[in-house]
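**Q** Sequence:
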Amino acid sequence: VIVEAMKRGDSWRLQEMGAMAIGTMCWDSDLKSAIVEEGGIKVLCKALAENLEQPSLVKNACRALAQIAFNSEPYRTDMSNLGAIPLIIKAMEMHPTHDRTQMHGCVALSYLSWTNEVNAAEIASHNGYKVIVQAMKNHSTNAEVQENACRALANISSMTLTSANDFLTAIIDAMALHDGSPEVQEEACRAIVTLSLVSTANKDLLEKLGAAPLVVKAMQAYPRTYLVQQEAGNALAHLAYEHAALNKQVT
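Note that my numbering has the sequence shown beginning at 251, numbered continuously upward.
Read the hints as simulated data drawn from the structure, not as lab findings.
Accuracy of the hints is not assured; some may be wrong.
Here are the simulated lysine-lysine pairs, PhoX-like style, with alpha carbons at most 20 Å apart [stated by the list, open to error]:
hint : residue 1 : residue 2
1    : K257      : K292
2    : K292      : K282
3    : K387      : K340
4    : K257      : K282
5    : K296      : K282
6    : K340      : K296
7    : K292      : K340
8    : K498      : K458
9    : K296      : K257
All values derive from a computational prediction rather than experimental measurement.
Work out the full structure: start from the sequences and follow the hints.
**A** Spelled out as structure tokens, the structure:
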């Protein structure tokens with residue numbers, strides 16, 4: 251009923267409320283499947299494309315697309331084929347100061363690129379990772395933006411980046427500023443692992459930025475938080491491997 255209403259209606263308010271409802275309903279996997287079968291992804295992309303200037307609609311559409319992408323690899327491909335990735339990036343570019351748009355945009359891009367190198371490459375081709383880092387700079391005190399931006403950056407995989415300076419600096423800054431957030435620490439450590447694998451130059455910069463002491467600090471701060479311990483331990487192992495200065499810092 252909701253999808254059909256969005257198909258028939260032109261009001262951006264109707265699209266906004268429909269997207270909000272879909273985002274909530276998609277927490278249920280059966281409802282998610284039904285929404286997709288009724289053309290929900292196409293409807294959300296159309297609503298986003300036609301109403302990019304409306305931040306509240308953009309926020310809800312990004313949230314809904316994120317929920318559809320979560321734990322649903324086939325839907326991620328469908329969303330990419332329907333142009334969801336450039337739409338989300340454009341939406342983030344148009345509303346840089348709207349923190350909820352930035353947060354939900356980062357969530358959507360992180361889920362779309364999870365174990366999907368094709369989508370990760372498409373995000374990069376549309377300067378999506380630069381938009382994510384800009385969100386981190388614009389909302390440096392917002393832990394939710396930092397957490398989900400780090401998660402998105404962690405999904406870059408083995409792609410070659412022309413310059414990782416901004417990426418790595420933003421991640422380390424997030425760890426330092428949000429030492430009270432285990433979620434930020436976990437996702438930042440995941441991103442450190444990914445980017446440390448790209449090149450020795452990235453490790454050199456991580457050493458200069460003081461990554462290793464921050465990762466150790468995270469482990470000490472959250473001894474009972476399993477995911478922080480897991481991702482921080484993985485980060486330390488990757489930092490220390492075949493890098494003398496980082497190995498000395500870690501050991």
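**Q** So, for every hint listed, does it hold in this structure?
**A** Verification of the hints:
Restraint check for K257 and K292: the C-alpha separation of about 10 Å stays at or below 20 Å, so the hint holds. For a cut-off of 20 Å, the pair hint linking K292 to K282 stands: about 14 Å separates their Cα positions. For the proposed pair K387 and K340, the alpha carbon gap of about 17 Å is at most 20 Å, so the pair holds. This hinted pair checks out: K257 and K282 have alpha carbons roughly 17 Å apart, not beyond 20 Å.
Between K296 and K282 the CA atoms are separated by roughly 18 Å; this keeps the pair inside 20 Å, and the hint holds. Only pairs whose Cα atoms come within 20 Å are accepted, and K340 paired with K296 is accepted, the gap being roughly 14 Å. Using a Cα cut-off of 20 Å, the hinted pair K292 and K340 holds, with the two alpha carbons roughly 17 Å apart. With a C-alpha separation of about 13 Å, the suggested pair K498 and K458 falls inside the 20 Å cut-off, and the hint holds.
Of the supplied pair hints, the one linking K296 and K257 holds, its CA atoms being roughly 9 Å apart against a limit of 20 Å.
Of the numbered hints given earlier, the model fails none.
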